[in-house]
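Now for the letters of each chain:
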Amino acid sequence: MIKLVYFAWVRERIGKSQEEMNLPENVVTIADLIAYLRTLDDGYEAAFQEPQVIRAALDKTHSLHDAIIGDAKEIAFFPPMTGG
Amino acid sequence: MPNQDHNNLAIRVQIQAEDFDLESEINHLKQFGDIGGVASFTGLCRDEGGQLSALELEHYPGMAEAQILEICHEAFKKFDLIGITAIHRFGKIAPGENIVLVVAASTHRQAAFDGANFVMDFLKTDAPFWKKEHLKDGSSGEWVDAKDKDDAAKDKWR
Chain W
1443 MIKLVYFAWV
1453 RERIGKSQEE
1463 MNLPENVVTI
1473 ADLIAYLRTL
1483 DDGYEAAFQE
1493 PQVIRAALDK
1503 THSLHDAIIG
1513 DAKEIAFFPP
1523 MTGG
Chain P
681 MPNQDHNNLA
691 IRVQIQAEDF
701 DLESEINHLK
711 QFGDIGGVAS
721 FTGLCRDEGG
731 QLSALELEHY
741 PGMAEAQILE
751 ICHEAFKKFD
761 LIGITAIHRF
771 GKIAPGENIV
781 LVVAASTHRQ
791 AAFDGANFVM
801 DFLKTDAPFW
811 KKEHLKDGSS
821 GEWVDAKDKD
831 DAAKDKWR
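Heads up: the protein sequence lines correspond to chains W and P, in order.
Going by this note's numbering, the residue at position 17 of the first sequence is 1459; the numbering climbs one at a time, nothing skipped.
Going by this note's numbering, the residue at position 124 of the second sequence is 804; the numbering climbs one at a time, nothing skipped.
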């Protein structure tokens, strides 16, 4: 089981802030996970329709889409940051 | 979350709903050395031509602290700093209220200016915060878009 967390409009489009999930065996990278989530329902599809703008973090560290998920416990997806 | 860095450097990072006080933050930094200059930046909520009733700041707890701490460490490596404090608020913030504070202390002014500038530039693009607009007509507005010029500001330090 891995914990997925979502922020800002990614969270709003998916309709939840977090969930736990068993990943299919063919999901190896963050890009694989995004492709898999898009097949689940319209909310995920709306959130990830432009995957190139989505930022990801593995265990609270910024990670590129080609990063291998490995034994990460938490994956976060969010839009570009607008703090400060 | 630990607010004080483990290596006992004079780095203080706070993510909080409450407001902050610049003068008490400057006083906090004075304990760490013979400070000759302090530079600070305070970011405030604009009203965007009178349309905005509030900004709502969302953050990623844990990662927000860790990311800003890492940026402060980088600033320490790059500039001759004595201490640095970064405070970022979350929740609903009305126009005119404070959002973010960075205070950098050094023996001389240049490192203090550079340290505060550097931390702000990286905080804007790398710290996991997001702003949503709430409008005066009661409606919930848009999520604020990230700006290319913020990435450009960060690139000048490379």
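I should point out that these hints are in silico values taken from the structure, not numbers from a laboratory.
Accuracy of the hints is not assured; some may be wrong.
From the derived model, a few chain P residues whose C-beta atoms are all more than 12 angstroms from chain W [stated by the list, open to error]: (1) Pro775; (2) Lys812; (3) Gly818; (4) Ala826.
Derived BS3-like pairs: lysine-lysine, alpha-carbon spacing no greater than 25 angstroms straight-line [unchecked claim]: (5) P:Lys827 to P:Lys816; (6) P:Lys816 to P:Lys758; (7) P:Lys812 to W:Lys1458; (8) P:Lys836 to P:Lys758; (9) P:Lys811 to P:Lys834; (10) W:Lys1458 to W:Lys1445; (11) P:Lys772 to W:Lys1458; (12) P:Lys772 to P:Lys710; (13) W:Lys1458 to P:Lys829.
Every residue gets a Cβ at the ideal spot worked out from N, C-alpha and C, and that includes glycine.
Q | Violated hints - listed by number, lowest first | A | Hints 2, 4, 6, 12 and 13 not satisfied by this model.
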